[in-house]
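Trainee: Spelled out, the chains give:
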Amino acid sequence: MVKVTGVMMEYYFVCKKKLWYFANQIQMENENENVLIGRMIDENSYIQEKRNILIDGTINIDFIKKYKQIHEVKKSKSIEEAAIWQVKYYLYYLKRLGIEEVTGIIDYPLLRKNLVVKLEENDEEKIEKIIRDIVEIVTNPSPPSVNRMKICKNCAYYELCFV
Amino acid sequence: MKQSYYIFNNGELKRKDNTLEFYLEDGGRKTIPIEQVRDLYFFGQINVNSALMNFLASCHIAVHWFNYYGYYSGTFYPREYLVSGKLLVKQVEHYINPEKRIVLAKAFVDGASANIYRNLRYYKNRGKDLSNIIDEIDYYRNQINVSDNVESLMGIEGNIRKVYYTSWNEIINQDVEFEKRVKRPPDNMINTLISFLNSMLYTKTLSEIYNTQLNPTISYLHEPGTGRFSLSLDISEIFKPLIVDRLIFSLLNKNQINEDSFYKETELLQLKESAIKTIVAELDIRLKQTIEHRELKRSVSYLRLIRLEVYKLIKHLLEEKVYEPFKIWW
Numbered sequence: 360m361v362k363v364t365g366v367m368m369e370y371y372f373v374c375k376k377k378l379w380y381f382a383n384q385i386q387m388e389n390e391n392e393n394v395l396i397g398r399m400i401d402e403n404s405y406i407q408e409k410r411n412i413l414i415d416g417t418i419n420i421d422f423i424k425k426y427k428q429i430h431e432v433k434k435s436k437s438i439e440e441a442a443i444w445q446v447k448y449y450l451y452y453l454k455r456l457g458i459e460e461v462t463g464i465i466d467y468p469l470l471r472k473n474l475v476v477k478l479e480e481n482d483e484e485k486i487e488k489i490i491r492d493i494v495e496i497v498t499n500p501s502p503p504s505v506n507r508m509k510i511c512k513n514c515a516y517y518e519l520c521f522v
Numbered sequence: 007m008k009q010s011y012y013i014f015n016n017g018e019l020k021r022k023d024n025t026l027e028f029y030l031e032d033g034g035r036k037t038i039p040i041e042q043v044r045d046l047y048f049f050g051q052i053n054v055n056s057a058l059m060n061f062l063a064s065c066h067i068a069v070h071w072f073n074y075y076g077y078y079s080g081t082f083y084p085r086e087y088l089v090s091g092k093l094l095v096k097q098v099e100h101y102i103n104p105e106k107r108i109v110l111a112k113a114f115v116d117g118a119s120a121n122i123y124r125n126l127r128y129y130k131n132r133g134k135d136l137s138n139i140i141d142e143i144d145y146y147r148n149q150i151n152v153s154d155n156v157e158s159l160m161g162i163e164g165n166i167r168k169v170y171y172t173s174w175n176e177i178i179n180q181d182v183e184f185e186k187r188v189k190r191p192p193d194n195m196i197n198t199l200i201s202f203l204n205s206m207l208y209t210k211t212l213s214e215i216y217n218t219q220l221n222p223t224i225s226y227l228h229e230p231g232t233g234r235f236s237l238s239l240d241i242s243e244i245f246k247p248l249i250v251d252r253l254i255f256s257l258l259n260k261n262q263i264n265e266d267s268f269y270k271e272t273e274l275l276q277l278k279e280s281a282i283k284t285i286v287a288e289l290d291i292r293l294k295q296t297i298e299h300r301e302l303k304r305s306v307s308y309l310r311l312i313r314l315e316v317y318k319l320i321k322h323l324l325e326e327k328v329y330e331p332f333k334i335w336w
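Chains as they are written, first to last, in my numbering: chain A, 360 to 522; chain B, 7 to 336.
To be clear, the hints were calculated from the coordinates, so they are not data collected in a lab.
Don't take every hint at face value.
[Claimed, not checked] Computed list of lysine to any residue pairs in SDA-like fashion (alpha-carbon distance at most 25 angstroms, straight line):
{"no.": "1", "chain 1": "B", "residue 1": "327", "chain 2": "A", "residue 2": "381"}
{"no.": "2", "chain 1": "B", "residue 1": "327", "chain 2": "A", "residue 2": "387"}
{"no.": "3", "chain 1": "B", "residue 1": "294", "chain 2": "A", "residue 2": "518"}
{"no.": "4", "chain 1": "A", "residue 1": "376", "chain 2": "B", "residue 2": "294"}
{"no.": "5", "chain 1": "B", "residue 1": "8", "chain 2": "A", "residue 2": "396"}
Assemble the whole structure, with the sequences as input and the hints as a guide.
Mentor: Structure representation (structure tokens):
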């Protein structure tokens, strides 16, 4: 049984190969500068809130605020679509657990901006299709091959991927 | 940038808040910023306590211990932090299955001998008389592919090294009288240098493996787990010609190391502390040297080449890409 986490949903949009490595526990050591910056942001933002809430052993919400407001913290908007689907997946997951009317927000502390995310019509069907896709990708014995993209050069997996 | 820290002084290394502080015996004090530490090398007499070791473990920092004479004692290898059950199963599978194991064992010997060959070619082009030795190496290299078990591969590698060592008197401009490899204890300058630098390379490789998901005790050419992290031996084999052997040639040919660098104690020769410092400093310079990597299209240090080798092995085990050993391409 594959537990589809929020990070896996995000990686599905960022890179299918990264998704495979991550889901098969090939994680990178944290020497990559962007990974370090991301961790610093996580550790030093919104520290007064209730943070890193793991639900059902599956989705890990950065923090929850006031009444039914879930927040995801990001460093930049460079892969915003992936972040949006990550949050939509949280909303979908909570709905399955019977928790409705939740607001999703992506926070960009460095940009002093945020973005409200909602589940639109057809999103649930789309998410269900993505979940089936993710399970298929990550249970494959080997990672899928990918083309070099512009974002690759900043990826912590770059060397593993292209060597 | 993370780097190795080498401690030669006597004193006490302590955790101080969230960083490291070294209290020298003579009263001085030095701060070592923890974020910059890849691993630690202890050559002096250094007192540590469990608070320090726990802190180093939580920061994923290995400690390599050497005694006063530069003999490698062992490594504090902290709890694994990058673990993949799936990859471990694959690693074991490639050891248990003789057909899969021989593929990797051959690759290590192939890579090591190709790099030896490169070194010889380099010195031949500089006018050294090495044609016969190169032919002999060629003869043994052709046996690698037809070999069908690990013992015979080890034999071939032994023969290649033996022939290779006969060239060292020619390559090295100092009068070194190097006849054959003797370990435990090394009996002349060259053997002492090889022993010391091989153990340094072994620890460098071990630190690289530690920062990946591979388990260091499961190996393919060397027999696993006889008191050593044997995967580190497999991978170092490939890099000895590039890193250890070339460094020895250069240290001796530039006269940075000579007879004065050693103590003679009964039958064995030991490196002086000043010589160890020189060697370690030169090794560090060499490991930081970069080359343009053809596949990655970015510059990569010699040390990073070792990490890349580990990644290539991971990809082989995951059946993503067949492992091809690193061969000097410049």
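Trainee: Does residue 327 of chain B pair with residue 387 of chain A here, judged by a C-alpha cut-off of 25 angstroms?
Mentor: holds, 19 angstroms
Trainee: Hint check: residue 294 of chain B vs residue 518 of chain A, CA-CA at most 25 angstroms. Holds or violated?
Mentor: At roughly 17 angstroms apart (the allowed maximum being 25 angstroms), residue 518 of chain A and residue 294 of chain B satisfy the hint.
Trainee: Do the alpha carbons of residue 8 of chain B and residue 396 of chain A lie within 25 angstroms of each other, as the hint requires?
Mentor: holds, 16 angstroms
Trainee: Assess, step by step, whether the Cα of residue 327 of chain B is no farther than 25 angstroms from the Cα of residue 381 of chain A, and give holds or violated.
Mentor: holds, 18 angstroms
Trainee: Are residue 376 of chain A and residue 294 of chain B close enough, with their CA atoms no more than 25 angstroms apart?
Mentor: violated, 30 angstroms
Consistency with the previously given hints fails for number 4 only.
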